[in-house]
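Asks: Respectively, the protein sequence lines represent chains A and B. For what it's worth, the numbering used here labels the leading residue of the first sequence as 395, then goes sequentially. For what it's worth, the numbering used here labels the leading residue of the second sequence as 3, then goes sequentially.
Hints may be right or wrong, so weigh each one.
Claimed, not checked - Facing chain A, from chain B, some residues (calculated, C-beta under 10 Å):
hint : residue
1    : 89
2    : 162
3    : 279
4    : 349
As the list claims (entries may be wrong) - Just the calculated beta-carbon pair ranges, DEER-fashion:
hint : chain 1 : residue 1 : chain 2 : residue 2 : range
5    : A       : 708       : B       : 107       : 41 to 51 Å
6    : A       : 644       : B       : 208       : 19 to 29 Å
7    : A       : 705       : B       : 198       : 29 to 39 Å
8    : A       : 421       : B       : 136       : 25 to 35 Å
9    : B       : 50        : A       : 668       : 50 to 60 Å
10   : B       : 337       : A       : 668       : 38 to 48 Å
11   : B       : 128       : A       : 644       : 52 to 62 Å
12   : B       : 203       : A       : 457       : 44 to 54 Å
13   : B       : 77        : A       : 543       : 25 to 35 Å
Derived from the structure by calculation, the hints contain no laboratory data. For each residue, glycine too, the CB sits at the ideal point set by N, CA and C.
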Amino acid sequence: MNVPAPNSTAPKLTGAEKIDVTITAIVPLNDLVTRFEFKRSDGSLFPTFSGGAHTVVEMQDGDRKRLNPYSLMSDPANRETFAISVRRDDEGRGGSLFMHNKVKIGDPMVISYPVNLFSLDLRARKHLFIAGGIGITPFLAQIKQLVRTNGNWELHYSCRNASLGSYVDELTQKYPHSVHIHYDDEKDFIDLENLLHGQPIGTHLYVCGPKGMIEWVRSTAGAAGWPTAHIHYEEFLAPKPGKPFAVRLAKSGVTVKVGAHESLLEAIERLGVEAPYLCRGGACGQCETDVIESDGAFMHRDHWLEDEEKALGVKIMPCVSRFEGKTLVLDR
Amino acid sequence: MNIQFNDETFRDDYSFKNSQRAIDRFPFPFHEDSYMYSVNMEQHQGGPVDSVYEKRFDVDEHYVSEMRDREMVLADDPLRCQSLPHMTLAGWDLLELIMVSKSEDYPELFELHREGANWHWINKPLGIDDRFVFMDDTTLPYGPMEYITRQTQGDFCVLDQREENLWMDAGIVTTQADWSLDFDIGMNFFEWHAPVPLAHEKGIFKRALKFLLNIQQGAPARRLNWTMTVNPLLDTSPENYHKWGVQKMSLTPQNLAEKQYLRVELQTFFRLPRSNALVFPIRCYLMSFKDIVSKPKWGRRLHRVVRDIPEELATYKGFIDNRPMMLEFLSRYDDGLPTSFGVWPDSHTEPALIESTS
Numbered sequence: 395m396n397v398p399a400p401n402s403t404a405p406k407l408t409g410a411e412k413i414d415v416t417i418t419a420i421v422p423l424n425d426l427v428t429r430f431e432f433k434r435s436d437g438s439l440f441p442t443f444s445g446g447a448h449t450v451v452e453m454q455d456g457d458r459k460r461l462n463p464y465s466l467m468s469d470p471a472n473r474e475t476f477a478i479s480v481r482r483d484d485e486g487r488g489g490s491l492f493m494h495n496k497v498k499i500g501d502p503m504v505i506s507y508p509v510n511l512f513s514l515d516l517r518a519r520k521h522l523f524i525a526g527g528i529g530i531t532p533f534l535a536q537i538k539q540l541v542r543t544n545g546n547w548e549l550h551y552s553c554r555n556a557s558l559g560s561y562v563d564e565l566t567q568k569y570p571h572s573v574h575i576h577y578d579d580e581k582d583f584i585d586l587e588n589l590l591h592g593q594p595i596g597t598h599l600y601v602c603g604p605k606g607m608i609e610w611v612r613s614t615a616g617a618a619g620w621p622t623a624h625i626h627y628e629e630f631l632a633p634k635p636g637k638p639f640a641v642r643l644a645k646s647g648v649t650v651k652v653g654a655h656e657s658l659l660e661a662i663e664r665l666g667v668e669a670p671y672l673c674r675g676g677a678c679g680q681c682e683t684d685v686i687e688s689d690g691a692f693m694h695r696d697h698w699l700e701d702e703e704k705a706l707g708v709k710i711m712p713c714v715s716r717f718e719g720k721t722l723v724l725d726r
Numbered sequence: 003m004n005i006q007f008n009d010e011t012f013r014d015d016y017s018f019k020n021s022q023r024a025i026d027r028f029p030f031p032f033h034e035d036s037y038m039y040s041v042n043m044e045q046h047q048g049g050p051v052d053s054v055y056e057k058r059f060d061v062d063e064h065y066v067s068e069m070r071d072r073e074m075v076l077a078d079d080p081l082r083c084q085s086l087p088h089m090t091l092a093g094w095d096l097l098e099l100i101m102v103s104k105s106e107d108y109p110e111l112f113e114l115h116r117e118g119a120n121w122h123w124i125n126k127p128l129g130i131d132d133r134f135v136f137m138d139d140t141t142l143p144y145g146p147m148e149y150i151t152r153q154t155q156g157d158f159c160v161l162d163q164r165e166e167n168l169w170m171d172a173g174i175v176t177t178q179a180d181w182s183l184d185f186d187i188g189m190n191f192f193e194w195h196a197p198v199p200l201a202h203e204k205g206i207f208k209r210a211l212k213f214l215l216n217i218q219q220g221a222p223a224r225r226l227n228w229t230m231t232v233n234p235l236l237d238t239s240p241e242n243y244h245k246w247g248v249q250k251m252s253l254t255p256q257n258l259a260e261k262q263y264l265r266v267e268l269q270t271f272f273r274l275p276r277s278n279a280l281v282f283p284i285r286c287y288l289m290s291f292k293d294i295v296s297k298p299k300w301g302r303r304l305h306r307v308v309r310d311i312p313e314e315l316a317t318y319k320g321f322i323d324n325r326p327m328m329l330e331f332l333s334r335y336d337d338g339l340p341t342s343f344g345v346w347p348d349s350h351t352e353p354a355l356i357e358s359t360s
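Pulled out of the complex, with its shape left as it was, chain B reads as follows:
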């Protein structure tokens, strides 16, 4: 595969765009015409060729620009990356997992050469060529977690496991859906999920925790989550809410198709071998409503989901005020025909949109 890396921005002039290939492989999160929380886990052991599920850590056309955006966020706010002292071993585990996975999955982009503890890492897209001693913190320019996650798309939470719970004891978080690592650092699974509505009552978190505690080496898992974002912003953090929150009010019926994005998180979970910690990469994919409705099935379904979602969820996900405007646009792409089950666009079998004549 030959990836053409985009030169684009996720701020200011928002030159971010999705190619046709990126649209075709977008991880649309709704498998039916409605949405409610569920633990919805599956094994993360590959997926269809060229889908975002195929590789352990998906690298796409946004890679280089996303890493540039992360660098800017970290320069402004170093607390986006934190690791409590006992998490360094887990950081090395993560560095090894990513370097081994990427060099095996994308040999044309990444190389890892190991002679005992002497490692040589080549990252061609970012122009990095470093030699270091594995498990020797002094031989890298950053701690091991920060070093490798400055080179990997997605946020990373590194969770310590003890007392039958998971603890947010390390992470790098610059592409988040309005939550703060600096606020959550050191919290346990129930504490950091406390703000989520409805799910506690449904026992979702108890079941999810039980599942996560039992994720074992060699058997990673994945799920999708989603929200809405105005403008292709990666950094929708509480720290910067004063900058991006106001942009939600810039939406108009005229600009909505291009300005309103569905934000999907591909969340994966890997047990780390030396530390017994759990790493939780959260990879963000953005797609404009305009690109979504280019797939007839996705257009029909997104309209029904946004229309029928409980008010608490629309509020929590931050689009309750814009919902009427979103529905006005999306309703034009819902002709009432039934949709096929599952997340895939089924472009060759789903009927084209019947244009309304009224």
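Okay, chain A solo, but in the shape it has when bound:
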């Protein structure tokens, strides 16, 4: 129906539905990682979710609103509590520092409904998980889901050292035969080629961790002949700072100056212009925006656009990509 019922609205484009929550626990796990637990402020239950889903956490940091995605790492069947684990990034743009330094038990916050861009392929005969550092979080929820449905899985988890191994003790105690821990400082690295070689047909491979690790796992599996459809990865990019630049929003009829430490998407939102988004990390494709006119260079950083599209300069993903040059006009 192009003409909807009088009291209905067009599909909502700006992010997933929101949930009002209260911080109920803050649990430091080690020097870098802290777990934050939420309950719904109205006392009702959370929706269930599928392992691998993330939530976008809204942070009111002074007069600045940050929206950062974090994997849900709690048990998907636990509808009382949602939990995320946040690694402190002292060099980052400040979202993790806000969570670590400013959030207190009892604080109200807003998070989004679960969105899954890193779903299990339920056809898999076996799920092989490769985690690096804080990349363990989506697997924690997926493991809980698979344990409940008698799924076949195996985890190889690489950490810098024992003191930074978040959830290592819990995992090795509960699943001693399925979990394999590797510590960099012991020069114990995942023997990936051998590991992949020994997998039964129908195994799906999942990797979450630093960029280099994702590339290593994807290329090693590809070279070993694994089908692309059996290799799953999730990498949220944080927007990177850059030179300030101006952009004209043609539909809205405004010009906005994007600051050095804000993303193009954040600058658009700051002006009150509604722009679609989901992951805010260059992965989901929801914020894709048409370029009407440009004179300058694009800094495309997303995983969404094809290389040819990036080269043409006719589309941009404002959540992570930037621009340097004289003129940029967007269809927004």
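Put chain B on the given structure of chain A with help from the hints.
Replies: For chain B alone, kept in the frame of chain A given last:
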């Protein structure tokens, strides 16, 4: 609301009929005097009171008889309901979605009592009172998807999402506009839409897929689709084309008003929480031309749409041969007056038909 359930048939003697209430709330699909494909999605978060958009799963006067017809179709052809092995979790998701929605939206008809995994489901119109263990397939008489969709109007496609595509990996399809689940099972979004004319060229499916892949939990969507059916048949399947296809030739100028039906599908889309699958319920509403022209605006507009629709679409929708006869009837209800924008009948504001004197 007190629903009087009809005792009616969708085959043989075709005793199906729409009450005045059903006519008033019919989801007329044309918002203007012409038709072309579009993605035409909107949020499925309620709608006007008593409209078919109000509840998550609309239950109407045809409920009990439609479920009886589904039972007959399944008895004749069990392949109308299929679920590939990895889709059982999605089946439980769907069972939960429907039971929770119906018990909240129609508490006088359906009850759901939950104590942990021990569930108690009461369906009063169908006289069902079952206790079972949620997520334990052995405690239900059918798989979870089949169990709940034998109690819910409309066809259901349960689509797995992977590789940036949707896959028709489970469903129950007994009230369809000439397509076959048994043929489409395991196909992806582009494969099962391959027979549709014009829309591919217009990029409709690429855009539609992109939209569907991004439907999120808590934000279901809906759209309408339509076709034409002779006689109030729910099961217009390819499997049974030899039974119903020939009925299209039984149309005469004398019986057309009562025998020719506009068939409207209310299609909704929900993200399923545990499986991350997408469920696509396709709910069929039938209304005879006679009942349609009882609303002056709908009569005027249907004539213009049928008259001006491209030949490829009239062929694909299966009414090209009967179009001249349909137009002969419908033209009597089109006096050329302009119609108001939008799908609603606007019965109180649209002028009555000016009868032709010639």
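Asks: Now tell me if each hint is right for this structure.
Replies: A quick look at each hint next to the structure:
1. Satisfaction of the interface hint for residue 89 (chain B) is found here, the shortest Cβ-Cβ separation to chain A being roughly 8 Å, below the 10 Å cut-off.
2. With 10 Å as the threshold, the beta carbon of residue 162 (chain B) comes within range of chain A, its nearest partner Cβ sitting at about 7 Å, so the hint holds.
3. Interface hint at residue 279 (chain B): satisfied, since its Cβ lies 8 Å from the closest Cβ of chain A, which is below the 10 Å cut-off.
4. At its closest, the beta carbon of residue 349 (chain B) sits 15 Å from a beta carbon of chain A; the interface hint therefore is violated under the 10 Å criterion.
5. Look at residue 708 (chain A) against residue 107 (chain B): about 45 Å separates their beta carbons, and that is inside 41 to 51 Å.
6. The supplied range of 19 to 29 Å is met by residue 644 (chain A) and residue 208 (chain B), whose beta-carbon atoms lie about 24 Å from each other.
7. Under the hint 29 to 39 Å, the C-beta atoms of residue 705 (chain A) and residue 198 (chain B), about 33 Å apart, fit the expected range.
8. Checked against the hint of 25 to 35 Å, the pair residue 421 (chain A) and residue 136 (chain B) passes, with Cβ atoms roughly 30 Å apart.
9. Residue 50 (chain B) and residue 668 (chain A) have their C-beta atoms about 25 Å apart, which leaves the hinted 50 to 60 Å range violated.
10. For the pair residue 337 (chain B) and residue 668 (chain A), the beta carbons lie near 43 Å from each other, so the given range of 38 to 48 Å is met.
11. Look at residue 128 (chain B) against residue 644 (chain A): about 56 Å separates their beta carbons, and that is inside 52 to 62 Å.
12. Look at residue 203 (chain B) against residue 457 (chain A): about 49 Å separates their beta carbons, and that is inside 44 to 54 Å.
13. Checked against the hint of 25 to 35 Å, the pair residue 77 (chain B) and residue 543 (chain A) passes, with Cβ atoms roughly 32 Å apart.
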